[in-house]
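Engineer: Quick note on numbering: my numbering labels position 83 of the sequence shown as 83, and the sequence is numbered without any gaps.
Hints are computed from structural coordinates only; laboratory data are not their basis.
Glycine included, C-beta positions come from ideal geometry on N, C-alpha and C.
Careful, some of the hints might be misleading.
As the list claims (entries may be wrong) - DEER-style ranges, computed between Cβ atoms:
1) Glu164 with Glu215: 17 to 23 Å
2) Pro65 with Glu128: 45 to 51 Å
3) Tyr218 with Tyr243: 18 to 24 Å
4) Asn167 with Leu64: 54 to 60 Å
5) Asn7 with Tyr243: 31 to 37 Å
To be verified - 30 Å max Cα-Cα, derived DSSO-like pairs, lysine-lysine:
6) Lys134 with Lys20
7) Lys75 with Lys20
8) Lys15 with Lys134
9) Lys183 with Lys143
10) Lys134 with Lys14
11) Lys143 with Lys5
12) Lys183 with Lys134
13) Lys189 with Lys93
14) Lys19 with Lys183
15) Lys75 with Lys93
16) Lys41 with Lys143
17) Lys20 with Lys41
18) Lys5 with Lys20
19) Lys93 with Lys134
20) Lys143 with Lys189
21) Lys41 with Lys14
22) Lys75 with Lys183
23) Lys11 with Lys168
24) Lys11 with Lys93
25) Lys75 with Lys19
26) Lys15 with Lys41
27) Lys143 with Lys15
28) Lys183 with Lys93
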Amino acid sequence: MIESKQNQRVKAWKKLSQKKHRDREGLFLVEGWHLVEEAVKSDWTIDTLIVEDGVEVTDEWSTLPVEYVSSPVMKEISQTETPQGIAAVVRQKEWQIDQPRRVLMLDQVQDPGNVGTIIRSGLAFGVEVVILGKGTVDLYNEKVVRATQGALFHLPVIQSDLFEWLNKREVAVYGTALDEQAKALPEIKPPEAFAIILGNEGMGVQPSLLERCDETIYIPQEVKAESLNVGIAASVILYHFRYVT
């Protein structure tokens with residue numbers, strides 16, 4: 001059992017809270033029973049299962065590489081205020097995506113909670129891939145990982161250049177905007193294959209991307225209501241594209 005916070009493995013795990021170390025090692029940390037369970041039952045590679053001393057794990061996990069640690073060590077590596085005594089170091093996944101027909105693109109979406117919510121909605125409403133464009137928060141940011149509630153283990157999410165994807169697109173592209181040309185969402189008859197671009201919380205989709213869209217869309221709402229955040233807007237739009245015919 002590891003009891004010292006100065007242990008080299010402990011130091012390496014703690015560094016995974018920083019993007020540069022996650023990128024260099026190709027690893028990230030997940031915490032809590034639900035997220036660890038989702039990671040284990042997926043086809044992602046578990047580098048190390050980290051278990052606090054005294055915590056019992058299921059027999060199904062006995063084949064995984066397990067490292068037992070003391071309570072102070074678990075608190076040292078944890079990125080939450082109240083650790084559940086279970087964590088996992090997971091290897092980042094390289095997805096190979098071949099001509100997806102239902103694509104969701106995020107342009108400079110910076111709030112981790114919104115990105116996590118959008119990934120959950122993407123899984124719920126049949127998106128085949130989520131593409132995080134430049135300026136969007138890192139997929140493996142601990143707050144994004146928690147907000148996905150495990151959805152990132154079951155839906156391809158890649159970090160890439162949106163313009164490059166649009167250059168080789170084979171689907172109709174819709175961007176969210178509040179301009180004179182934008183159509184209200186209920187007016188849109190969703191095609192079988194599509195890409196939807198959602199933009200930055202404050203600035204929206206950048207104009208150079210909107211120019212590449214076939215149509216721009218907006219969500220009509222009551223005048224007195226505050227505008228929807230991008231996480232909620234994504235859910236509304238994806239529901240429409242999934243179930244409205």
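Engineer: Does each hint hold? Answer for all of them.
Structural biologist: Structure-based check of all given hints:
{"no.": "1", "hint": "Glu164 with Glu215: 17 to 23 Å", "result": "21 Å, holds"}
{"no.": "2", "hint": "Pro65 with Glu128: 45 to 51 Å", "result": "32 Å, violated"}
{"no.": "3", "hint": "Tyr218 with Tyr243: 18 to 24 Å", "result": "19 Å, holds"}
{"no.": "4", "hint": "Asn167 with Leu64: 54 to 60 Å", "result": "41 Å, violated"}
{"no.": "5", "hint": "Asn7 with Tyr243: 31 to 37 Å", "result": "51 Å, violated"}
{"no.": "6", "hint": "Lys134 with Lys20", "result": "16 Å, holds"}
{"no.": "7", "hint": "Lys75 with Lys20", "result": "22 Å, holds"}
{"no.": "8", "hint": "Lys15 with Lys134", "result": "23 Å, holds"}
{"no.": "9", "hint": "Lys183 with Lys143", "result": "33 Å, violated"}
{"no.": "10", "hint": "Lys134 with Lys14", "result": "26 Å, holds"}
{"no.": "11", "hint": "Lys143 with Lys5", "result": "23 Å, holds"}
{"no.": "12", "hint": "Lys183 with Lys134", "result": "27 Å, holds"}
{"no.": "13", "hint": "Lys189 with Lys93", "result": "34 Å, violated"}
{"no.": "14", "hint": "Lys19 with Lys183", "result": "38 Å, violated"}
{"no.": "15", "hint": "Lys75 with Lys93", "result": "27 Å, holds"}
{"no.": "16", "hint": "Lys41 with Lys143", "result": "21 Å, holds"}
{"no.": "17", "hint": "Lys20 with Lys41", "result": "27 Å, holds"}
{"no.": "18", "hint": "Lys5 with Lys20", "result": "21 Å, holds"}
{"no.": "19", "hint": "Lys93 with Lys134", "result": "18 Å, holds"}
{"no.": "20", "hint": "Lys143 with Lys189", "result": "35 Å, violated"}
{"no.": "21", "hint": "Lys41 with Lys14", "result": "24 Å, holds"}
{"no.": "22", "hint": "Lys75 with Lys183", "result": "50 Å, violated"}
{"no.": "23", "hint": "Lys11 with Lys168", "result": "43 Å, violated"}
{"no.": "24", "hint": "Lys11 with Lys93", "result": "23 Å, holds"}
{"no.": "25", "hint": "Lys75 with Lys19", "result": "20 Å, holds"}
{"no.": "26", "hint": "Lys15 with Lys41", "result": "25 Å, holds"}
{"no.": "27", "hint": "Lys143 with Lys15", "result": "15 Å, holds"}
{"no.": "28", "hint": "Lys183 with Lys93", "result": "37 Å, violated"}
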